[in-house]
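J.: Chain by chain, the residues run as shown.
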Amino acid sequence: MLEIKDLRAEVGGKEILKGINLTINSGEIHAVMGPNGAGKSTLSYVLSGRHGYEVTGGSVMYDGQNLLDMDPDVRACSGIFLAFQYPVEIPGVASATFLKTALNAQRKFRGEEELDAMQFLKLVREKTKELDIKDDMLKRAVNVGFSGGEKKRNEVLQMALLEPKLMLLDETDSGLDIDALKVAAEGVNRLRSPERSALIITHYQRLLDYIVPDFVHVLADGKIVKSGDKSLALELEEKGYAEISAA
Amino acid sequence: MKSLSALAQNYIDRFETALETLPGQSSRSISELRKAGLEKFAVQDFPNKRVEEWRFTNLSSMTKDVANEDGAGVSALTPSLFETDYEIVFIDGLFSEEQSKLDGLPNGLSISSFVDALENGAVFSLNSEEERSLIALNTAFMQDGFCIHVGEKTKIDGIVGIKFKNSGAIKNGAHLRNRITLDTGAALTLIELHEGDGSYFSNPVSHISIGEGARLDHYKLQNESVSAYHLALTDVEVQKQGIYKNFSFSVGGKISRNELKTVILGSDAESHLDGAYLMRGDQHCDTTTLTEHKVPKNISNQTYKGVLDDKAHGVFQGKIHIAPDAQQVAGDQLSKALLLSDYAAVDCKPELEIYADDVKCSHGATSGELDDDALFYLQARGIPELEARKILIEAFLGDVLLSIDNEKVREYFSTRSAHWLKQS
Ligand SMILES: Nc1ncnc2c1ncn2[C@@H]1O[C@H](COP(=O)(O)OP(=O)(O)O)[C@@H](O)[C@H]1O
Ligand SMILES: [Mg+2]
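Just so you know, the sequences run in chain order W and C. Under numbering that gives the first Met the number 0, the first residue of the first sequence is numbered 0, with each subsequent residue one higher. Under numbering that gives the first Met the number 0, the first residue of the second sequence is numbered 0, with each subsequent residue one higher.
The following block holds chain W by itself, in its conformation from the complex (with noise of 0.2 Å):
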């Protein structure tokens, strides 16, 4: 599905991502774990296709097609979905509309029925139901005045009612109490499949008892450093990036 080849990308003149090697397979869940600053955020955004991450060499397919050369509204029409670390708050715009939008936007890219009010409404009522949301929230703009849990959900919301092929999910768990971080592993087991994988940025090994890996890779100063399975995320809680990055 996935198949990332000596990535490399700057971010204002100065490389972040040197050397990056990775293929996700239809079906697979990885996790990536690394210290602050190892460029997990920056490898997240290169593949969403943020303006200013510059891509110096490499390559990147994503089924078959070359990810770089498509727009951010079209790899998300794909099917990629990133759970940002920071979501943005947006004035102004209010949830629901927002998630209309982006819901018909790709059901249009697909060349699938756009959903009137009605039909969007009883669809997001069912997955706000699912993921424990209240429903105000909707009426609210776009994560302003959110609280840091308040914003994460909302991301798995979104995720929840997009169906993504390949979610990248970016420390979605920090901010989360215990019983708010079930749920978002929830909203990822839920969308689990054969078709459907998944790539979880995260510190803590503690989210990948609820959303168990196929694999596991530390990402440090740009590059990966090791893989393993998942007894790889235990390891590192027990021992710390260091002694591991300098293994």
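Source of the hints: derived by calculation from the structure; they are not laboratory data. Glycine included, C-beta positions come from ideal geometry on N, C-alpha and C. There's no promise every hint is true.
[Said to hold, decoys possible] Examples of chain W residues toward chain C, derived with CB under 10 Å:
no. : residue
1   : 70
2   : 71
3   : 88
4   : 95
5   : 96
6   : 119
[Stated by the list, open to error] Far from chain W by the CB rule (all over 12 Å, computed), these chain C residues:
no. : residue
7   : 24
8   : 47
9   : 97
10  : 106
11  : 131
12  : 153
13  : 287
14  : 329
15  : 364
16  : 378
17  : 380
18  : 383
19  : 392
20  : 398
Since the structure of chain W is already known, use the hints to place chain C with the ligands on it.
T.: Here is chain C with the ligands on its own, set in the frame of chain W:
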């Protein structure tokens, strides 16, 4: 003696001839008034950059664009889509009885043209202290306009529309003189719609008087042709417990200026001046306000939002003046501009002149680009860039449009802004 601009000279040269055709020539007092206006104008000329209040708006291109010859082709005027209950229509600055809709006015509401009002003995004047040359010019050349009067305790349901349609056939000036008077306890909602094609100069001057406990909801659509000059001046006096609410929505004009002067003469009175302007190309839009609090215990506020694309230029100058014993006054002012291009610009000059000590005043002015993070967030959910930009621009304008009390007008202006966005 300094020399006058060619356009001013042109006005002066044709004044004597114009007098013969302008209304009221049989009345000595009107002719005297016109002459007084012309004399004042001849000393001042059109405003130029040496005048402090005109530092940001340059009218020098007017001379060539609004030369004395009348325009050649009259284009077909597209009718305005906004439906009103009563309507007075001006074509190229002249009252059109045919197109107006003045039958069956409710008791207490009178609407007449300036020419009719003159015939019925209405008195117009020019304050000897008046320093604004465009008012002097208007006084010399005023050719038509409207007079609206709402009687005591009369509250008018529905909307009075005033439509100004300009075909470009007459370039050198639609000098309109308007008057709105609301007696004690009266209430009125009205909308001015300024529209046109081609190149011309529109110069409406309005005097508004809000009686005790009266309320005027005054809306304005400025959708002049992008080759037109629209220089409007509105003076308002508000008595005790009176409310004046003005919302101006501007999308037209090559150079436009909306100058509003509100004088609050009574306690518990309110003045609300709000607006939105959307400009692109080489358009220039100036909003200049002066709010004078003459007595204690009243409030004024202003919120203007502008969206500027291409090389468009916005100006906001807002002055709040609070007289020495006008205590317990609240005056707020906010100007925000969204710049969609590197070449768009806005100049803001908020001024507070406060001579009382127990007052609450604030002013703020911001300008900035669309938020990149928000744009990316929307795109990352599958919304194409163009649509994402529109969503953010509409969100920027959202709260000021929401402040419009009249639902029909609110919808109309929202539709107009969506229409503007579609053209980008
Ligand atoms: N916009 C930016 N401009 C300059 N440097 C940046 C920018 N964003 C991130 N960086 C730098 O890139 C490095 C990696 O950041 P990031 O990808 O956010 O790391 P992580 O998510 O692993 O904590 C850090 O050194 C950070 O300072
Ligand atoms: Mg990060």
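J.: Now tell me, hint by hint, if it's right for this structure.
T.: Hints, verified against the model:
| no. | hint | result |
| --- | --- | --- |
| 1 | 70 | holds, 7 Å |
| 2 | 71 | holds, 4 Å |
| 3 | 88 | holds, 8 Å |
| 4 | 95 | violated, 13 Å |
| 5 | 96 | holds, 8 Å |
| 6 | 119 | violated, 14 Å |
| 7 | 24 | holds, 54 Å |
| 8 | 47 | holds, 39 Å |
| 9 | 97 | holds, 44 Å |
| 10 | 106 | holds, 43 Å |
| 11 | 131 | holds, 37 Å |
| 12 | 153 | holds, 38 Å |
| 13 | 287 | holds, 27 Å |
| 14 | 329 | holds, 25 Å |
| 15 | 364 | holds, 18 Å |
| 16 | 378 | violated, 4 Å |
| 17 | 380 | violated, 4 Å |
| 18 | 383 | violated, 5 Å |
| 19 | 392 | violated, 10 Å |
| 20 | 398 | violated, 7 Å |
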